[in-house]
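Q: From first to last, the protein sequence lines are chains A and B. As numbered in my numbering, residues 1 to 366 make up the first sequence, in order. As numbered in my numbering, residues 1 to 283 make up the second sequence, in order.
Hints were generated in silico from the structure; no laboratory data involved. The reader is advised that the hints may include incorrect statements.
If you anchor each label on the Cβ, the simulated ranges turn out as follows [claimed, not checked]:
1) A:D168 - B:F5: 53 to 59 Å
2) B:L104 - A:L186: 51 to 57 Å
3) B:L104 - A:A17: 27 to 33 Å
4) B:G11 - A:D168: 54 to 60 Å
5) A:H135 - B:F5: 42 to 48 Å
6) B:L104 - A:G67: 52 to 58 Å
7) A:S138 - B:T259: 40 to 46 Å
8) A:R214 - B:V10: 52 to 58 Å
Each residue gets a CB set at the ideal place from its N, CA and C atoms; glycine is no exception.
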Amino acid sequence: MAQKNIIEIRNIFKSYAGQQILDNINLRVKDGEFLTLLGPSGCGKTTLLRLLAGLEQPTSGQIIINGKDAKTLSPQERHVNTVFQSYALFPHMNVFDNVAFGLRCDGAAMEEINQRVTEMLRMVRLSGYEKRKPHELSGGQQQRVAIARAVVKEPIVLLLDEPLSSLDYRLRKNMQIELKQLQRKLGIAFVFVTHDQEEALSMSDSIVVLQQGRVVQQGTPRDIYETPKNISVATFIGESNIFNLFIDEANDKNIKVTVQGIQYELENDGQFKRGDKIHLLIRPEDTRVYHRSEIDDISMMFPAVVNEVIYKGTTVDLIIKLPDGTLLSVTEFFDEDNGEDVTYVIGESVWVNWPIGWEVVLPYEA
Amino acid sequence: MKHKFQYFSVGLITAWLCLFGLLSFLVMLTISFLQHDLDRIAVWHFTLQNYIDLFDPIFFKIFLKSFYIAFLVTAGCLLLGYPFAYIVSRLPEKVQNLALLLLLLPFWTSSVVRTYAMMSLLKTKGLLNAALLSMGLIHEPLQILFTNTAVSIGLIYNLLPFMILPIYVNLERFDVSLIEAAKDLGAKYTTIFRKVIIPLSMPGILGGCTLVFLPAMTLFFISDLLGGAKALLLGNLIEDQFLMANNWPRGAATSVLLTVLMAIGLLLYWSKTNKRVDYEAVT
């Protein structure tokens with residue numbers, strides 16, 4: 001099914017007090033998708049969300065909501081609602097009145113309000129809490145009220161501004177699942193702002209990486225993680241071992257680079273030429289280490305010494321030191337089947353390689 | 001060390017209030033139950049006569065009128081003060097401080113002096129009348145001085161900061177995201193103001209009203225100067241009884257009655273705002 005674009009952002013610029021916050025943003029949000037705006041603080045993601053909410057106006061450019069120019073839409077016609085970072089629940093109103101606020105603004109009939117609010121509170125599992133004031137609720141409950149208050153308006157897009165950032169780790173994990181389930185149940189598009197890459201990867205259908213007011217990359221979590229477009233996306237999302245190298249030889253299909261004295265032939269998917277400087281990225285979980293005794297053929301391996309062993313339960317994380325002093329991160333999964341021995345001791349000499357083709361080659365950026 | 005300082009400062013304030021607040025109130029309370037005597041302050045003889053005297057229709061009238069003026073003054077201060085406080089609280093911080101400084105600057109001059117200045121503004125041949133006459137807005141000078149209007153203007157002028165400051169303090173801390181949330185939910189500005197801003201600034205409004213209402217009934221020098229002999233506030237009544245009639249017990253009884261009325265008002269407010277929510281009932 002070809003999903004239609006529920007929001008289109010065209011050539012949006014926003015500057016504030018002479019400072020460029022958003023620099024030519026083009027973006028589409030598809031109906032029913034969970035889209036995440038991901039970036040470090042100050043990258044403009046919250047500003048972009050506020051433009052969508054209509055709380056601020058772009059300096060130039062166009063926002064199309066459901067086929068109509070947002071400028072021509074009144075707040076009621078926008079059908080976009082927001083869950084604020086600090087929830088912004090009305091402290092003087094109880095849960096029911098908070099959720100009913102938007103419906104009352106629309107002049108809905110009392111009976112309809114009662115019915116919709118009750119239904120909504122059941123959906124976020126807050127039935128029976130109608131009479132409580134926000135300060136009498138836990139963080140997670142407040143969060144759910146904030147969601148209910150926005151969702152009861154039946155928006156076509158729900159905007160969420162770092163809604164999980166003030167919750168503790170365990171609650172945040174639970175709310176991630178709950179939000180995802182809610183989004184599936186409602187079938188509406190969510191535009192979610194976060195600076196937490198793990199959150200973005202685990203919840204989104206599509207991730208938009210913003211840096212310094214620009215869209216650096218948009219794609220599925222897997223795209224973004226496995227084929228980052230540049231070195232800053234790669235380092236922002238997940239950990240990487242990075243080698244800065246020059247290309248020894250290149251043709252249309254392949255390049256040859258030397259890592260730790262060993263020449264590797266890799267795919268040339270970036271039209272690299274001989275002499276180009278590149279970043280060679282290998283994710284920690286793709287970096288393989290072997291005990292000396294395990295290995296006979298060391299022709300495509302380089303040596304290292306175990307510097308640190310961190311037991312994490314499901315994985316063992318290692319920090320290994322190459323002869324030139326470079327430190328690499330390695331994540332080894334416990335795998336009962338292949339019988340690999342993942343017990344390492346600090347100071348142990350090991351051999352290192354990675355599955356050829358799982359690396360990422362990016363043009364060098366200073 | 002820190003604890004010692006805390007005890008010291010709290011202790012000092014407590015002692016100060018006990019000595020000059022509680023003790024003097026207790027003295028007044030005692031005197032109010034004693035018999036009036038022309039030669040001495042009072043005679044050591046218990047009586048309720050001073051309170052019974054207050055039910056005289058003349059006193060009752062003064063009470064009522066004083067309440068009425070205080071009410072007008074409070075309403076006037078609120079109408080002038082709230083928008084001012086709201087606008088100032090939305091200004092950039094530096095401008096805010098300047099605005100507050102300008103607000104408080106006149107109060108570095110004695111309020112008696114400023115009230116005399118107001119007399120010269122309001123009098124028949126004063127600046128206000130001269131200006132209005134020269135603009136052709138009126139043909140005869142207005143008689144403002146020595147009326148209730150003059151007293152109200154004087155009181156509003158003097159008490160305005162006491163209304164503005166508590167409201168400003170409240171609005172300055174106002175969480176802007178609440179306004180944005182209301183906007184996001186489709187509220188019009190009037191709705192936001194009525195349903196979100198006003199209710200949440202209620203503590204500031206009530207604080208300001210309390211700070212204005214009581215002085216508005218008792219700032220006797222303002223009605224002395226601007227109201228002439230016509231406008232008598234409760235403060236003037238108390239003043240007269242102590243200083244002119246030399247009747248301390250009745251003056252004391254009047255003060256005590258005023259204090260009790262104010263206390264009842266505050267208690268009503270408290271019982272309304274401090275309603276405990278039943279946590280158990282929900283679960």
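Q: Against this structure, judge whether each hint is valid.
A: Results for each hint:
A beta carbon spacing of about 36 Å between A:D168 and B:F5 contradicts the range 53 to 59 Å that was offered as a hint. Look at B:L104 against A:L186: about 54 Å separates their beta carbons, and that is inside 51 to 57 Å. Between B:L104 and A:A17 the beta carbon distance is about 30 Å. The supplied range of 27 to 33 Å therefore holds. A hinted range of 54 to 60 Å for the beta carbons of B:G11 and A:D168 is inconsistent with their spacing of about 41 Å.
In this structure the hint that A:H135 and B:F5 lie 42 to 48 Å apart at CB is violated, the actual value being about 32 Å. One distance hint, 52 to 58 Å for the beta-carbon pair B:L104 and A:G67, holds here, with the actual separation near 55 Å. Separated by about 44 Å at the C-beta atoms, A:S138 and B:T259 satisfy the suggested range of 40 to 46 Å. For the hinted restraint 52 to 58 Å between A:R214 and B:V10, the CB-CB distance of approximately 57 Å keeps it satisfied.
Of the numbered hints stated above, those contradicted by the structure are hints 1, 4 and 5, listed in ascending order.
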